[in-house]
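*Asks:* Sequence:
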Amino acid sequence: MREMGVVISWESFRTTFHQEYTLESYYNTKEREFVNLVQGNLKVAEYARQFSSLLSYAPHVANQEWTKQSRFLRGLRPDLFQLVLAGSPSNYAEAVDRTIDI
Numbered sequence: 007m008r009e010m011g012v013v014i015s016w017e018s019f020r021t022t023f024h025q026e027y028t029l030e031s032y033y034n035t036k037e038r039e040f041v042n043l044v045q046g047n048l049k050v051a052e053y054a055r056q057f058s059s060l061l062s063y064a065p066h067v068a069n070q071e072w073t074k075q076s077r078f079l080r081g082l083r084p085d086l087f088q089l090v091l092a093g094s095p096s097n098y099a100e101a102v103d104r105t106i107d108i
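Sequential numbering of the sequence shown, starting at 7, is according to the numbering used here.
Quick caveat, the hints were computed from the structure, so don't treat them as lab data. There's no promise every hint is true.
To be verified - Label-pair restraints from in silico Cβ distances:
no., residue 1, residue 2, range
1, Y33, G93, 32 to 38 angstroms
2, G11, S96, 32 to 38 angstroms
3, G11, K49, 24 to 30 angstroms
We treat Cβ as the ideally placed atom computed from N, Cα and C, and that holds for glycine.
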């Protein structure tokens, strides 16, 4: 007889794995990097990539769609922030797509 396991998402596995097997100091450093991340001189695609990469270190943001979208938008350069916000993106993915399209 084969035992059936629980199916979890990759994001959930990754977050749990990081929390369990990553040194707390490393985790704290990455969380600070996420908190301090802004687009600055980065191209939009690079900012979005870094945001996505560091997001797993801030599960309180990653698990809340509105908070994730808001944090992404607030990290954009002011000119891009205004342009994207004017389009009223309804979620994080749409905000990223609209930003990249500009």
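*Asks:* Could you run down the list of hints and mark each one as holding or not?
*Replies:* Verification of the supplied hints:
Checked against the hint of 32 to 38 angstroms, the C-beta distance between Y33 and G93 comes to roughly 35 angstroms, which is consistent with it. With their beta carbons about 34 angstroms apart, G11 and S96 fall inside the hinted range of 32 to 38 angstroms. G11 and K49 have their C-beta atoms about 41 angstroms apart, which leaves the hinted 24 to 30 angstroms range violated.
Going through the hint list in order, the structure does not satisfy hint 3, though it satisfies all others.
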